[in-house]
Amino acid sequence: MKRKAITSILLVAVLATSLFAGGAKETALTTKNIRIAEQVPGLITPGVWDGQAFSMNSSIYEYLVEINTSTGELDPVLATEWSTADGKQWTFKLRENVLFHDGSTFDSQDVKFTIERTQDPSIGHLKKQDFEIVASIETPDSHTVLINLKEARPTFIYQLTDYNMCILSSDYDYGSLGESKPMGTGPFIMKQMIPKESAALVKNTSYWQAGLPKVDALSIYFVSDIDASVSMLEDDRVDVVPFVTPVIQTRLSKIDGISVISPYQEQRFVAMNVDEEPWDDNRVRLAFKYAMDPQNIAKSVTQMELGNGAEYNETPIMNMLSEYNPLPLRERDIEKSKALLAEAGYPDGVTVELFYASDHPFGKELAQTLKELASPAGFNLDLKGYTRDVYLSQYWLNVPLSITGWGGRIDPSMLLALAFKGGGAWNESHLADERVDALIDKISSEIDPDKRTGYYHELQELFYEEGPLLNVQVPYLVAISDRIIDYRQPLTMLPQYKYTDIK
Amino acid sequence: MNRTLSIILRRTVSLLITLSVMSLIIFLLVEIMPGDVAQMILGQSATEEAVSALREARGLNDPVMERYFRWVGGVLTGDLGESIYMKGVTINSILWRRVGHSLVLALSAFILFVPLSIILGVLAGVKENKPTDSIISFLGLATMALPEFVSGVFLITIFGVQLNWFPIVSIIPIGESLFNNLEILFLPALSITFVMFGYVSRMQRSSMIQVMNSDYIRAAILKGMNRKYVIFRHALKNALLPTITIIGMNMGWLFGGLVVVETLFGFPGMGSLLMTAIKTRDVPLIEACVLLITVIFSLSTMITDVLYSYLNPRVRFQGGQR
Chain Z
1 MKRKAITSIL LVAVLATSLF AGGAKETALT TKNIRIAEQV PGLITPGVWD GQAFSMNSSI
61 YEYLVEINTS TGELDPVLAT EWSTADGKQW TFKLRENVLF HDGSTFDSQD VKFTIERTQD
121 PSIGHLKKQD FEIVASIETP DSHTVLINLK EARPTFIYQL TDYNMCILSS DYDYGSLGES
181 KPMGTGPFIM KQMIPKESAA LVKNTSYWQA GLPKVDALSI YFVSDIDASV SMLEDDRVDV
241 VPFVTPVIQT RLSKIDGISV ISPYQEQRFV AMNVDEEPWD DNRVRLAFKY AMDPQNIAKS
301 VTQMELGNGA EYNETPIMNM LSEYNPLPLR ERDIEKSKAL LAEAGYPDGV TVELFYASDH
361 PFGKELAQTL KELASPAGFN LDLKGYTRDV YLSQYWLNVP LSITGWGGRI DPSMLLALAF
421 KGGGAWNESH LADERVDALI DKISSEIDPD KRTGYYHELQ ELFYEEGPLL NVQVPYLVAI
481 SDRIIDYRQP LTMLPQYKYT DIK
Chain R
1 MNRTLSIILR RTVSLLITLS VMSLIIFLLV EIMPGDVAQM ILGQSATEEA VSALREARGL
61 NDPVMERYFR WVGGVLTGDL GESIYMKGVT INSILWRRVG HSLVLALSAF ILFVPLSIIL
121 GVLAGVKENK PTDSIISFLG LATMALPEFV SGVFLITIFG VQLNWFPIVS IIPIGESLFN
181 NLEILFLPAL SITFVMFGYV SRMQRSSMIQ VMNSDYIRAA ILKGMNRKYV IFRHALKNAL
241 LPTITIIGMN MGWLFGGLVV VETLFGFPGM GSLLMTAIKT RDVPLIEACV LLITVIFSLS
301 TMITDVLYSY LNPRVRFQGG QR
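Protein chains in written order, with my numbering: chain Z, 1 to 503; chain R, 1 to 322.
It should be emphasised that the hints constitute simulated quantities derived from the structure, not laboratory data. Do not rely on the hints blindly, as some may be mistaken.
Claimed, not checked - Below 25 Å or equal to it, Euclidean Cα-Cα: the simulated DSS-like pairs (lysine-lysine) are:
1. Lys364/Z / Lys279/R
2. Lys191/Z / Lys87/R
3. Lys503/Z / Lys191/Z
Construct the entire structure; sequences and hints are all you get.
So, in structure tokens, the structure goes:
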């Protein structure tokens with residue numbers, strides 16, 4: 001009886017093992033395939049696309065121009081040439097013999113359709129405001145487009161690098177099919193998508209650029225948990241994991257064959273609302289700035305050294321941009337901070353609520369660091385963290401002090417008018433300063449690049465002395481397998497997988 | 001038999017009432033979740049016009065009760081609606097594939113933990129207060145005290161990283177099916193076994209001890225019957241009743257509530273789908289997942305009740321479990 005029982009148990013064990021075992025399966029790759037673990041995307045139709053599915057969308061769709069990750073300059077894509085004499089009328093020559101994935105030919109009507117679509121009220125296009133400046137679009141022939149603006153905008157071309165401005169086919173029903181069957185002229189074609197789970201993209205064999213893309217397929221897994229994504233990378237199930245945190249970076253640094261890179265930085269604006277006490281007094285704003293310690297902020301928030309992955313300044317311009325004015329970092333001076341606060345009528349300190357999105361990367365770390373740093377000077381920051389949607393829909397733009405994430409902009413003027421000009425749609429600091437408004441107008445319309453840079457510098461000096469802003473720049477981190485060759489992702493956030501190869 | 005039928009009928013009516021009330025509660029709870037769905041979908045760049053256009057396009061501007069009855073009407077006809085993110089993609093096409101995966105995972109875990117827990121529970125029960133009992137009881141307590149995300153990480157480290165026997169993530173490679181990748185089930189199933197083993201084996205142990213101390217067992221042993229025969233033929237049958245109840249009560253969790261395990265291992269099941277739906281505020285998908293989990297919980301409870309009453313004549317003849 002005993003022997004029988006032991007034999008039965010062993011038999012069950014052997015059966016169970018044979019059912020499950022097999023170890024970590026080695027997949028025989030017959031094609032070059034880059035595997036990516038991305039966040040689960042929200043909307044993916046261009047126009048209402050809020051990012052997330054960057055690997056997928058940037059491989060299916062294309063733009064008139066793209067950013068060269070080496071030079072930072074614009075490279076031609078669907079437009080071969082572009083010119084403007086006065087910043088008001090723009091001429092684009094389009095690439096010939098380009099096909100959409102459905103076989104239709106790309107021409108000037110598609111560019112006209114894409115830009116006019118921004119003003120369609122039924123779409124709720126996220127670039128509607130930016131393209132309201134377009135007065136008319138002419139298509140003198142199938143591969144020439146003339147865009148007439150209502151006023152001069154010498155940096156208008158950069159608007160066309162925004163991820164929502166990929167070129168769409170005027171014959172395709174994006175309203176019905178944009179979410180399930182995305183279709184463009186890009187280097188990869190959607191082969192199969194399992195909603196909320198994965199997408200399989202294959203090489204576009206009719207792609208206009210000879211020799212590209214370098215790999216045959218992209219396999220994109222949508223994973224809601226970043227730790228699960230990182231496990232997939234560790235287990236060699238994927239080759240690329242975007243949006244990793246500094247903590248994960250530290251963990252991965254001990255593993256051979258995996259690197260963490262930072263293709264660009266993002267901004268976290270700490271905005272003081274100048275309409276409300278105590279921030280309406282510049283002495284309080286200066287007191288707050290003197291209480292800060294940029295190196296401490298960089299280390300505490302990003303676990304990186306200042307200048308080596310993390311940056312800090314008191315202006316809306318990122319340190320990496322050519323328009324940046326390298327003003328000296330303010331030394332932390334608690335006594336001066338206290339004195340300024342007392343001078344402004346707060347000798348016993350002041351309590352302020354700080355609102356932020358607690359689930360947004362670096363949000364709570366930055367909030368906590370600000371609280372600790374500001375405390376010795378007499379600022380009692382009452383932290384109010386909410387989920388990002390709650391923060392954005394209920395608090396953002398109407399609170400005394402806030403932390404908000406802002407993507408980088410190749411052309412900073414795109415952001416200035418919206419966030420710092422009086423009446424701007426996203427003016428979270430409620431700034432309405434004639435000098436600032438005038439400088440933003442000059443920046444937007446000045447054709448001479450040197451003069452424009454001069455205005456940028458002037459604006460930054462103004463912010464340094466009186467501005468309601470701290471600009472903490474945090475790294476955007478991507479973990480990649482060492483088999484990946486030439487991973488490119490410029491400030492537009494759009495990975496350029498057509499150039500990427502795999503060993 | 002008539003009594004059992006009556007119990008089934010009463011439980012079915014009760015189930016329908018529960019589901020009706022739950023459908024309203026689920027709908028209203030999702031409705032009062034803080035934040036604006038359209039704002040969340042469109043993100044920071046959303047203008048008021050964009051938010052308004054999206055609300056209109058997705059029917060979010062209609063009155064609450066109108067949307068509720070539209071949803072319930074759809075559910076009754078098998079139409080769970082469309083994902084709020086993907087026009088033209090039905091919830092049915094997303095959900096059932098994941099439910100299938102979760103069922104396979106639940107079944108794998110079931111195959112692992114039920115025999116293991118019962119055998120060791122019986123062993124601990126008949127060896128009461130002996131070293132075997134102490135070891136099994138300690139194991140039960142230890143595994144019960146470990147949350148899934150801790151035991152999961154522990155298992156990943158041992159079997160995935162150190163021994164490299166099983167994959168540390170449970171994804172299905174694109175283009176393949178779960179049945180080509182059965183090895184991905186092992187670690188999540190073992191993680192679930194860790195959670196369930198403690199509950200079931202301890203219940204089996206105490207129930208076994210109780211039965212072994214009952215008069216009829218004592219009489220059988222004193223009569224000189226073979227001890228093993230007494231344990232397996234007389235004691236075990238009666239000692240299984242509470243265990244069946246515990247297993248039945250946990251079937252709902254096993255089939256629909258594996259959110260932590262599935263998320264930890266990246267397993268494409270219903271639990272991780274629910275997590276994704278909540279994170280992205282995909283309202284119709286949240287409602288569908290939660291309703292389905294409610295149905296599974298209610299059904300498993302009902303089946304347990306009916307089974308219990310069928311197996312236990314005292315309940316059957318006294319008019320159902322009180």
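Lys503/Z and Lys191/Z: Cα distance at most 25 Å? This hinted pair holds, its Cα atoms lying about 23 Å apart.
Given the hinted pair Lys364/Z and Lys279/R, is their alpha-carbon gap at most 25 Å? 18 Å, holds
Does Lys87/R lie within 25 Å of Lys191/Z when you go C-alpha to C-alpha? 18 Å, holds
This entry satisfies every hint, going by the numbered hints stated previously.
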